[in-house]
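Q: Those protein sequence lines, which keep their order, are chains U, G and V. First residue of the first sequence: 0, per numbering that gives the first Met the number 0; consecutive thereafter. First residue of the second sequence: 0, per numbering that gives the first Met the number 0; consecutive thereafter. First residue of the third sequence: 0, per numbering that gives the first Met the number 0; consecutive thereafter.
Think of the hints as simulated: they come from the structure by calculation, not from any bench. Heads up, some of the hints might be wrong.
[Claimed, not checked] No more than 30 angstroms apart at the CA atoms, straight line, and that leaves these computed lysine-lysine pairs for BS3-like:
(1) V:LYS11 x U:LYS290
(2) V:LYS50 x V:LYS27
(3) V:LYS27 x G:LYS194
(4) V:LYS235 x U:LYS290
(5) G:LYS248 x G:LYS123
(6) V:LYS68 x U:LYS138
(7) G:LYS194 x G:LYS223
(8) V:LYS235 x U:LYS129
(9) U:LYS280 x V:LYS229
(10) V:LYS235 x V:LYS252
(11) U:LYS290 x V:LYS253
Every value quoted in this text rests on a predicted model; they were computed, and no experiment measured them.
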Amino acid sequence: MTEIFVLVEHRQGKIREVTYELLGWGERWIGQQEGRLTALLLGYGVKELAEELSMRAPRVLVVEDERLKDFNSIYYQRVLSSLLSRYQPLLLLMGHTAYGMELAPSLSVELDLPLATDCIDLSFEGRQLKALRSIYGGKINAHVTLKESKTYMITLRPGIFPPKMPEEKKGTIVIEPSPIQETTERKRFLEYIEAPLTGEDISQAEILVSVGQGIGGPEHLPMFEELAKSLGGMISCSRPVVDRNWLPKERQVGISGKTVKPKIYIAVGISGAFQHVTAIKGSDTIIAINKDPRAPIFGVADYGIVDDFQNVIPLLKEKVKGMK
Amino acid sequence: MKIDPKTFVKDYNLLVCIQCGTCTGGCPVKFRSPLNMRRLVRQTHFASDPSLFKKPEWWACTTCSTCSLRCPAGVKNVELILGVRNYLANQGEVPSTIREALENTLLHGNPWGRFRDRRIDWAKDLDIKILGEETAEILFFVGCAPSYDPRVQNISISLVKIFSMAGLDFGILGKKESCCGNEIRRMGEQALFRKLLRDNTNLIKKIGVKRIITISPHCYNAFKNEYPELTIPVYHYTQVLVDLIETGKIEMRNGSETPVTYQDPCFLGKQNGVFEEPRKILSSLPGVTFTEMERSRERSLCCEGGGGRMWTEGFTEGIRNAEIRVREANRLGAKVLATSCPFCLLTLEDAVKTSGLSDQIVVKDIAELVADSL
Amino acid sequence: MNIIVCVKRVPKTAEADLFIEKDGKDIKKDHLVFALNDWDSYAVREAVLIKERYGGEVMAITVGPEDSKEVLTRCLAMGADRALRIEEPPCFDALLIAKILARVIQGQPFDLILTGVQTEDDGWGQVGVSLAQLLGIPHASIVNRIEIENGKARVKRELEGGLEELLEVRLPALFTIQTGINEPKYVSLAAILEAEEKEMKEVGLEELGWTSMESLYATLDQVSFPPAGKMAEILKGSPEEIVNQLTEIIKKKKG
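Just chain U, same shape as in the assembly:
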């Protein structure tokens, strides 16, 4: 029987959306085959989360331990290593997230299992796993074959697979004892730090004028701010703009920044890395302005302008003056 394990990602008492995406992919893949999909929930005091999961997974395997309360890859690795050795599933799926990236490579080395990270699709040819990865900033796809193994490990890119929706029929919940014996001082979780919010909250904006590295320099920001103001919106940006200190972190749209759902999202000089694109999918209308016709942003935008922003934005700014 084919077994797929999905590592449940949860934080501060909430299951993270990527978990349901992994379950969605797993369920579709198993389809009519003889197989089983199991969600692995590692935590402490997570009964409610297990209940929640059982509506979306046919089987939830729970390991509770005080030391699993917050994510620490050392303890997670200990538990997963024990579970994988015991059950030998065909596949362990994780999100390509801050947790997945911290855990997957070291676990794969420990158990000597082949791993492909940041995959955007998977398929099996017999027992051989083929993974599709998106490289060079989304401009190229790489087709990768993993060395034949009893168990494969995959981190899947978040935000590209439809999530598994809850069902009436509940899955079973199985409690496993914790294999953690020693407490480690090698790595300790101390606390979460929320980014301070000092200005406007871009996730509340109806219109966002969002700028990327492609605007060249901070000297152009006043023009975009004026445009945003005229439209009754706010200015936001992609990660490189924050790394360069052109705008503060709270303006950043993306996986490591904010997820936004405005009526209109205008992306200027943003190439469209997946970390950014994932966080704007909820927008009603996306307009992209970029001089590179092959920029991945045009793959998610509704309307596109292939031109230098300097030919467009000054005109647009004049045109929409007082439109608010």
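Go by the hints and put chains G and V onto chain U.
A: Then chains G and V, alone, in the frame of chain U:
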């Protein structure tokens, strides 16, 4: 090569300074920044404390060179600024936007970091010789802004149109063209400038042209004054256009009644004495009435686009010179503010927009005016 | 505090038109510009900042072809004290690179290893954390702040949605460095030219005792362009016409 600020007094002959303040008097950013050239020269005399050289105002200078040109004692103030910037650059202490411009130039051959392969995108619909593959008498050195900036590309296209009509035997370096280094030297990266100088000199010598025509006065200045081994004549395009007009190789027929005034680019006018040619061209344009602004020629007010200022942010406050200039031109009744430099064009055009004068005055490069009149 | 930084030379592809080689195994690279991987650049800078604060030595290591020496020179110009290039195997995956690095690093004294979170080219994001496991040291990934005290590091990791977590990690440890952790410093050409004089070691795989290649865990079969899929409706015309269309769209969608 280590730079020691203690030798600046000797290196730049600062002891001859008589502290008259003429430098500060003529400085175009004296009201816009704490930059005080007289004081800085004086302080350098006693500069045992290197923190003097970390003041942000060193980045406010536009290297227009009014100070040096007017100095009665012959102090090369601007070279002192470049020496200080070189000292800072070698320590890695440059503003972040300058850092990116310099890194981009090393990597991609232009300060904007645009790809080399895209350098001739502007010419894709034109029939131009690529030197190295073909030969020609004249090297048309396009420069970075005219290659990549969508607004400035129109100057490049206009000049190709004019040169072709006049039957000039010219070609461009194509993807092999790199930054001339004029602004790089002025941002303090002397070593990078020397690399560009060496690469460009070798390339130009290899293709064997007889003359060079540049679009930007900045490239013109570099090739003419700072490339010692480049011995072939270098022309700014305005010098060539005058000749084409006077010898009847091009004929300007179209035009309407237009009052025009002219902004002297510092690197063309003050620094290289090319004052007459642009005026001759403007005066011979059909329908054009040419009027001088009060501050013109040697006294022209710098647009603040030089000396790496295209890549700096901040260091100055208050109304920009370009805005002062645009308002001045507007008061004069000019409908067109002409210039002959990509940086002047960009800074002035921006100032027209920020001053809300878009419906009253336009900024045009002389090359565009000539091309439109053919 | 002895710090090892692992770096990679990568092609810059943001604005470039990409083409695929005839054998379909890779993109064409002869028209591309190469540079130090962006994440690694922050890692090297961070190593130098830590060195300035706590003393010690910074060593930069890369596994790569002869041309990779140019990024090592850059690392030396940025303040690294030593540099080592390890010959690149004919084919490799992230794990093999980690294994080669581990073999070399095992003999070196170190307190800290820094790598970038991932590379700009194939972005496995796997070498750093695998290397930590191979060396048997703790790690933290996506790190955007490091403070060191009494043989321990307090590091901030970047999570999703603007959230961060604070960890305490015992040294020696490995951290993968996120962009934005520090303010990059300009590296002048003068400094690069000077760094060319500094010592750079090179070591072949055979010297490391690497005789036969292990079979890879991940083999690249081919690369392709992503399928076109849904594409934006591209507005056409002069800038004025485009802006007119755009204004209408904004008016309509604004509701």
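Q: Taking the hints in turn, state whether each one holds.
A: Going through the hints against the structure:
1. V:LYS11 x U:LYS290: Holds, at about 17 angstroms.
2. V:LYS50 x V:LYS27: Distance ~39 angstroms between V:LYS50 and V:LYS27 Cα, so the pair is violated.
3. V:LYS27 x G:LYS194: Holds - the C-alpha atoms of G:LYS194 and V:LYS27 are around 28 angstroms apart, at most 30 angstroms.
4. V:LYS235 x U:LYS290: Roughly 13 angstroms between the alpha carbons, so the hint for V:LYS235 and U:LYS290 holds.
5. G:LYS248 x G:LYS123: holds, 26 angstroms
6. V:LYS68 x U:LYS138: holds, 27 angstroms
7. G:LYS194 x G:LYS223: The given pair, whose Cα atoms are some 17 angstroms apart, holds under the 30 angstroms limit.
8. V:LYS235 x U:LYS129: violated, 40 angstroms
9. U:LYS280 x V:LYS229: Holds, because 13 angstroms separates the two Cα atoms, which is no more than 30 angstroms.
10. V:LYS235 x V:LYS252: holds, 19 angstroms
11. U:LYS290 x V:LYS253: holds, 25 angstroms
Hints 2, 8, counting from the list given before, are not met by this structure.
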